[in-house]
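With these hints in hand, go ahead and build the complete structure from the sequences.
Residues per chain, in single letters:
2 protein chains.
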Amino acid sequence: MDRSNPGAVDRSIPAVAAGSDFLHLALEEAPLGGKSDWLARRIRAALADGRLPVGSRLPATRVLAGELGVSRGVVTEAYQRLIEDGHLAGRGRGGTVVVGAPAPAATAPARATVPPPHALFAPAPGVGVFDAVRAARARIDLSPGVPDLAAFPRAAWLRAERRAVGRLAASDLGYGDPRGAPALRLAVAHWIARNRGIRADPDELLIVSGTAQTLTLLGQVLYEDGVRAVAVEDPGSLGARQHLNHCRLDTPPVAVDSEGVRVDELRASGAAAVLLTPAHQFPTGVVLRGARRTELLHWAHDSGGLIVEDDYDAEHRYDRTPVPALRSVLAGRVCYAGSVSKLLAPALRIGWVLAPPKYRDVLVDAKRFADLGNAVLPQLALAQFMESGEMERQLRLLRRHHRRRRDAMIEAIRTHLPDATVHGTAAGLHLTITFESKSGTDFADTGLAAAALARGVKVQPLSWHAQRPHRPGLVLGYAASTPTEIAEGVAAIGESLRQLL
Amino acid sequence: MDRSNPGAVDRSIPAVAAGSDFLHLALEEAPLGGKSDWLARRIRAALADGRLPVGSRLPATRVLAGELGVSRGVVTEAYQRLIEDGHLAGRGRGGTVVVGAPAPAATAPARATVPPPHALFAPAPGVGVFDAVRAARARIDLSPGVPDLAAFPRAAWLRAERRAVGRLAASDLGYGDPRGAPALRLAVAHWIARNRGIRADPDELLIVSGTAQTLTLLGQVLYEDGVRAVAVEDPGSLGARQHLNHCRLDTPPVAVDSEGVRVDELRASGAAAVLLTPAHQFPTGVVLRGARRTELLHWAHDSGGLIVEDDYDAEHRYDRTPVPALRSVLAGRVCYAGSVSKLLAPALRIGWVLAPPKYRDVLVDAKRFADLGNAVLPQLALAQFMESGEMERQLRLLRRHHRRRRDAMIEAIRTHLPDATVHGTAAGLHLTITFESKSGTDFADTGLAAAALARGVKVQPLSWHAQRPHRPGLVLGYAASTPTEIAEGVAAIGESLRQLL
Chain A
23 MDRSNPGAVD RSIPAVAAGS DFLHLALEEA PLGGKSDWLA RRIRAALADG RLPVGSRLPA
83 TRVLAGELGV SRGVVTEAYQ RLIEDGHLAG RGRGGTVVVG APAPAATAPA RATVPPPHAL
143 FAPAPGVGVF DAVRAARARI DLSPGVPDLA AFPRAAWLRA ERRAVGRLAA SDLGYGDPRG
203 APALRLAVAH WIARNRGIRA DPDELLIVSG TAQTLTLLGQ VLYEDGVRAV AVEDPGSLGA
263 RQHLNHCRLD TPPVAVDSEG VRVDELRASG AAAVLLTPAH QFPTGVVLRG ARRTELLHWA
323 HDSGGLIVED DYDAEHRYDR TPVPALRSVL AGRVCYAGSV SKLLAPALRI GWVLAPPKYR
383 DVLVDAKRFA DLGNAVLPQL ALAQFMESGE MERQLRLLRR HHRRRRDAMI EAIRTHLPDA
443 TVHGTAAGLH LTITFESKSG TDFADTGLAA AALARGVKVQ PLSWHAQRPH RPGLVLGYAA
503 STPTEIAEGV AAIGESLRQL L
Chain B
23 MDRSNPGAVD RSIPAVAAGS DFLHLALEEA PLGGKSDWLA RRIRAALADG RLPVGSRLPA
83 TRVLAGELGV SRGVVTEAYQ RLIEDGHLAG RGRGGTVVVG APAPAATAPA RATVPPPHAL
143 FAPAPGVGVF DAVRAARARI DLSPGVPDLA AFPRAAWLRA ERRAVGRLAA SDLGYGDPRG
203 APALRLAVAH WIARNRGIRA DPDELLIVSG TAQTLTLLGQ VLYEDGVRAV AVEDPGSLGA
263 RQHLNHCRLD TPPVAVDSEG VRVDELRASG AAAVLLTPAH QFPTGVVLRG ARRTELLHWA
323 HDSGGLIVED DYDAEHRYDR TPVPALRSVL AGRVCYAGSV SKLLAPALRI GWVLAPPKYR
383 DVLVDAKRFA DLGNAVLPQL ALAQFMESGE MERQLRLLRR HHRRRRDAMI EAIRTHLPDA
443 TVHGTAAGLH LTITFESKSG TDFADTGLAA AALARGVKVQ PLSWHAQRPH RPGLVLGYAA
503 STPTEIAEGV AAIGESLRQL L
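So the protein sequences, as listed, match chains A and B.
Here this note's numbering runs 22 ahead of the position in the first sequence, where the first position is 1.
Here this note's numbering runs 22 ahead of the position in the second sequence, where the first position is 1.
Hints listed in this document are in silico derivations from the structure and should not be mistaken for laboratory results.
A quick note: this is a predicted structure, and the numbers were derived from the prediction, not measured.
Hints may be right or wrong, so weigh each one.
One side of the interface only, derived from the structure: several residues of chain B facing chain A at Cβ under 8 Å [said to hold, decoys possible]:
hint : residue
1    : 72
2    : 81
3    : 232
4    : 337
5    : 398
Chain A side only, calculated, beta carbon under 10 Å to chain B, not exhaustive [stated by the list, open to error]:
hint : residue
6    : 45
7    : 237
8    : 396
Calculated cross-link-like contacts (lysine to any residue; reagent style SDA-like; alpha-carbon spacing at most 20 Å) [said to hold, decoys possible]:
hint : chain 1 : residue 1 : chain 2 : residue 2
9    : A       : 380       : B       : 149
10   : B       : 380       : A       : 150
11   : A       : 57        : B       : 343
12   : B       : 57        : B       : 83
13   : B       : 380       : A       : 149
Just so it is clear, CB atoms sit at the ideal spot from N, CA and C, and this is done for glycine as well.
This is the structure we're talking about:
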């Protein structure tokens, strides 16, 4: 076909000078004998229109001269002129850098404009609310959901990465298996066998960018399969609900009581799937065990329903025996989701999902289309980190820190918020407090969160995580703050509360 | 509300032994005076049911004893018994590891079952085709799309990562800005200003997991905006088409000739958006410049159409002057996509997108729901790598390697495939060959690719990348193979061809 005859047959490769990508300089534009002039002019234009912003580094004179095919003196002279004009500065071995531009240039990203506290903590938060809260300045951050980040094992992680990089084959750096690196799938299979009682073949595991990605991929897959609603715990994670809603799934609420999710309500809802946090319910901290757990497994068996098990912080427990994952007893109806966000750091963006056979292949397809699979180097570093026993070491360290911090928070609440009821302290990275509704003392917990932020303390209102009316409360993370910060933060919440009532 | 009274008020924290997560051991189950027996039995059960697979490492005796609250001798004795049974082995400082399990256990992931060459190279490839080809064994891999991976700057990358980790604030390890780390957005703004002539504010940039993710996020956003088709070049990337189709978008073909995409066809198609590879068309290698480029910009201006500019290998050029990005001349109508896949390695999964204002915020929302943003450490390492000048150094190195490899491939084609027409050699990481249709010598290029794979050489048939009938051809990557491999590989293709005709 004529239209598909693309380009000339270029068998003879002329050895032309390659020119330079730097500013797309083309020497043929330079006037004879005026090359330095021309070069200085081109650089000045780039300074003026922002292509060379302040702080950027120019190519070494030797390199640029080589690429342009001119003598080094041509480049040196051009740079020198711009140095004299005050646009550039020579920094010795640091090279030549831009110090002053005659026009607006790319600058470091500005902080997002942050709304005032009362606008930030609106009763009906939008999809960008967690970003907005994160961008807000605060002295003390008691938001839930992160472990002690100062304890991130930087040196051990770099060691693991160095080892992984040293062992790489070149082909490992190409496009990889969308399911994840085999070494990490094996290490995760070992980890969940040892720590969560789950038996899985590495080929059944899919490595993802955290549980947020699990929810979105699974949401797509369930929607394609005709599912239109995934029941969720109430109260339950606002973020998880936002992810499912984004996939066009409804999220009917099912109440949580002191035994865990109300399976009778779940059964009555007729939902085909439910998202649960059985090991440590978010945000109440209730553990699903005993009769209620059996009841849930019966529901899955009888109705053919799917349980999405978000095992988000099961490894963090202080005063109780471990709870095996639901997946370990009912593999066929449980889609298990785990991650390192609460074990190491959310910024690693690594998680895993173990789906029932029905959804395994379509989830792999969804992951492939999402991003062709996770980045390889962090996967191999994590595999190394898990298989060497460093991960267990880190978990033991975190437990010590977190227990101390939890105790500090309970103590501070007893002192500064004596009327608060504390929930879910036997495990996890956060606790929840609620306030009894007394006549004349009703208040909106969003208002309390806003007042606390005005005093420099970040917390999450419980009502964000509840779909139905609920006593006012706060969700308070203790894992990432020191005991001193916790004491100060809770004291500030106490002052905010007294100011409100 | 009653049902929202979650759990008891646990103000008094009992100092119970925490037990161990390892195998979910609970000491209270152990008979008095028989703790070693009990422990050995529990470990043996875990060996039998696969929870402790061969190769896994047991906790140190001191650690496990501490966690269980037993004397160290109890653990040592249990381990010793299992060592005598041949299940465990003491490895000195390497700890105690599982060497033999009495039952099937989690094993290293098996290689995917790979179909035979003729089935692999079907005329209508499915969504898993690139994974299947990747999994196939071959002596020599001439698949297009990757740079010289052996030249990946391992030491410099680790240095950049070490620096980045050393400078991190603890809060950087939490959940971050879904747009990407500010330092990387700034470094990319500098990079595309210096190398692609594009002026962008870092706040306009979105960091993504490679261009594959850009296509999927943008596809979702365009679909939501009412777009139902994105025109694509023909021939053009099969992978890109699959990503758009996955987003329920049609991909009507627009022919490519020796000047680039046929803008008259694009105009006639009525498409509201078009995906282009203007700097080095995939797979033909044609550069869009001069009159055709002007014509395209007029189309965008007149029709209000969107140009998605996949700038996938613009930095790799050998015999021509650089071509500025379309984005640099028509920011309002161009969505620009770049990545490090061709500059460093696809396995890093880092790219960027610069969208027109209309789509900027909805793309950030899509990225947030996809995965809450890229992992932070590789972003900071890359920022360090770009701002220190290492990236330009790597690009110069790659150009030298790639040019040599390209020359070797052209030479080998001249020798072993004298009837082939070679296209697109002035730049890039691959070239394309086509075979003139002579009566009696027609053949399917999928058959040629299958025959080459049977001889141990992986290539891509051109027909995969064409929607409309096209002369048979192959797309041959040269960047990731040595000159010797290239010569051998092309010789094998020549033999395969003679066998077919």
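Restraint check, 8 Å cut-off on beta carbons, for residue 81/B near chain A: holds (7 Å)
Status of the hint placing residue 72/B at chain A (closest C-beta pair under 8 Å): Where the cut-off is 8 Å and the nearest Cβ of chain A is about 5 Å from residue 72/B, the hint holds.
Residue 57/A paired with residue 343/B [C-alpha distance capped at 20 Å]: Distance of about 18 Å is within 20 Å: holds.
Proposed proximity, residue 149/A with residue 380/B (alpha carbon, max 20 Å): holds (18 Å)
Residue 57/B paired with residue 83/B [C-alpha distance capped at 20 Å]: holds (14 Å)
20 Å Cα cutoff - pair residue 380/B, residue 150/A: holds (18 Å)
Chain B contact restraint for residue 237/A - C-beta distance below 10 Å: Given a least distance of 9 Å, the restraint on residue 237/A holds.
Proposed interface contact between residue 45/A and chain B, which counts if any beta carbon pair is under 10 Å: holds (7 Å)
Restraint outcome when residue 232/B is required to lie within 8 Å of chain A by C-beta distance: Where the cut-off is 8 Å and the nearest Cβ of chain A is about 6 Å from residue 232/B, the hint holds.
Distance restraint between residue 380/A and residue 149/B, which requires alpha-carbon spacing of 20 Å or less: holds (18 Å)
Satisfaction of the residue 396/A interface hint, Cβ to chain B closer than 10 Å: It holds, given that the least Cβ distance between residue 396/A and chain B is near 7 Å, below 10 Å.
Supplied contact hint for residue 398/B, tested at 8 Å Cβ to chain A: holds (4 Å)
Checked against the numbered hints listed earlier, the structure breaks none of them; every hint is satisfied.
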